[in-house]
Amino acid sequence: MSKEKSVCDEINFQALYESYAQDVRNFMYYKCGDLAQAEDFTQQTFLKLWTNCKKVVFEKAKSFLFTVAKNDFLKDIAHQKVKLRFQQLTTTDTEKKSEQADESIRKKELKEALEEAISNLTEAQREVFLLNRIDKLKYREIADMLNISVKAVEKRMQKALEAINKCMKEFEINKI
Amino acid sequence: MSDNEENNVLLSKWLNGELSQQEINAIDPETKNRLEKAMQEIDTWTLPDVKAYQEVKTTITKQAKVVKLASTRWVLGIAASVAILAGLFFFMPTDSKHTIATQDITQEIILPDGSFVALNKNSSITYSTKAWEKGKRELELSGEAYFRVKKGAIFSVSTEHSTTEVLGTEFNVLARKGFESVTCYEGKVAVNTGSDKEILTEGKGVTVDVQGNLSPFDAPILNQPRWSEEYLQFSNSQLKEIIAVLEANYNITITSGKIDLKRRYTGRVSQTDVKLALETIFLPMGISYTMNENEVILK
Chain B
4 MSKEKSVCDE
14 INFQALYESY
24 AQDVRNFMYY
34 KCGDLAQAED
44 FTQQTFLKLW
54 TNCKKVVFEK
64 AKSFLFTVAK
74 NDFLKDIAHQ
84 KVKLRFQQLT
94 TTDTEKKSEQ
104 ADESIRKKEL
114 KEALEEAISN
124 LTEAQREVFL
134 LNRIDKLKYR
144 EIADMLNISV
154 KAVEKRMQKA
164 LEAINKCMKE
174 FEINKI
Chain D
1155 MSDNEENNVL
1165 LSKWLNGELS
1175 QQEINAIDPE
1185 TKNRLEKAMQ
1195 EIDTWTLPDV
1205 KAYQEVKTTI
1215 TKQAKVVKLA
1225 STRWVLGIAA
1235 SVAILAGLFF
1245 FMPTDSKHTI
1255 ATQDITQEII
1265 LPDGSFVALN
1275 KNSSITYSTK
1285 AWEKGKRELE
1295 LSGEAYFRVK
1305 KGAIFSVSTE
1315 HSTTEVLGTE
1325 FNVLARKGFE
1335 SVTCYEGKVA
1345 VNTGSDKEIL
1355 TEGKGVTVDV
1365 QGNLSPFDAP
1375 ILNQPRWSEE
1385 YLQFSNSQLK
1395 EIIAVLEANY
1405 NITITSGKID
1415 LKRRYTGRVS
1425 QTDVKLALET
1435 IFLPMGISYT
1445 MNENEVILK
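Chains B and D, in that order, give the protein sequences. The first sequence begins at 4 in the working numbering and counts up one residue at a time. The second sequence begins at 1155 in the working numbering and counts up one residue at a time.
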């Protein structure tokens, strides 16, 4: 019988942190729209994992983290309006040079229009959409994480895409 | 399924990488175009990295610190109980009573229930982990702390002269020698001294005197500890109290000699510039002083 990994072993706990802290934080951010709060909650979620380390099987830690994240911290947040903002991966120098000033302004406006459209999605649609686009998760993975069916994930994506399509239409009309 | 809905289903499958080229060609080209543009933009988005493990390690894995508690400034009551604990206190995570104390730095703490405490310099909190496990959220405070309490069972903070109880909110408790105050920033807080009782709501505070009498005051609404701000406001406070707060804030000793410590002062005092702070208080009162490193002598 193989030796079971204990979460109370700091080496294992650290590995869990390094694997999942970013995912948990992002997930919380999509739901609450406050980066500092999401980070605070993420730390507390891991704190909970640590204090319960004896009771959590290593292989189930990921599931524990997301369950705690949802049930303990996010349930208290009123479903308030969020304003999500994202950073941009830096463009290379050659790309930057070839970009005209008005091109970059339009790009910026597009980003803001999309951020707003995404912020206006329902929480359910938003989290699915961002988990797919930002965290690069497949629908199956999202379904497992959120404890819903793949069909449910697809439905939410469809609604999100409808909204994005509408946003793009309006953007194009205004920009011509 | 309508055309539109069918299209939407295709779109969602397309984004998940589930469609063959043939199926992709079946999608309405205008919509596909728009969404491609959108995804091209969105795919460049990212969020800042979370803190590295080493940075959060202390908050998460350590629950208490061993500190030499050799302070003579502390009032006997609390000092005694804490001093005894300090004597017995080794870093044994299985031990029941935990004390977290600061000297020259401020410390942020997350309590076992997830509540947040910002502990000011020269302060300490003590609590029993066993009691907390049972759901009794009680702790003792000496010095100053700002609390952000998670909703739940009653949370109580005891100082030398008062006990503050709260159900889940943000508030600040200041308990230096001879001077105590509680300020509520959010929610509701009940302050009890045995001889007086007051319920505070957002933006209200009370000062506590040694007889346990409460005097209310209005406080500006903040969402961070007031002592992390530049100025500290004194409202008809006795010199005795002001000196205690200054000593703790700046880590200095102030010898007052024959100066009458019952004199009162109202005004704003800097929390970041010690020279300015001393000037602001003593100059208008006509008190001269000398300052040598950390010792201030009033004349």
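Source of the hints: derived by calculation from the structure; they are not laboratory data. Any given hint could turn out to be false.
Capping the alpha-carbon separation at 25 angstroms, the derived lysine to aspartate or glutamate pairs in DMTMM-like fashion look like this [unchecked claim]: (1) K1305(D) x E1292(D); (2) K1186(D) x D43(B); (3) K1186(D) x E165(B).
Verification of the hints:
no., hint, in the structure
1, K1305(D) x E1292(D), "holds, 14 angstroms"
2, K1186(D) x D43(B), "violated, 39 angstroms"
3, K1186(D) x E165(B), "holds, 11 angstroms"
In this structure, the one hint that does not hold is number 2.
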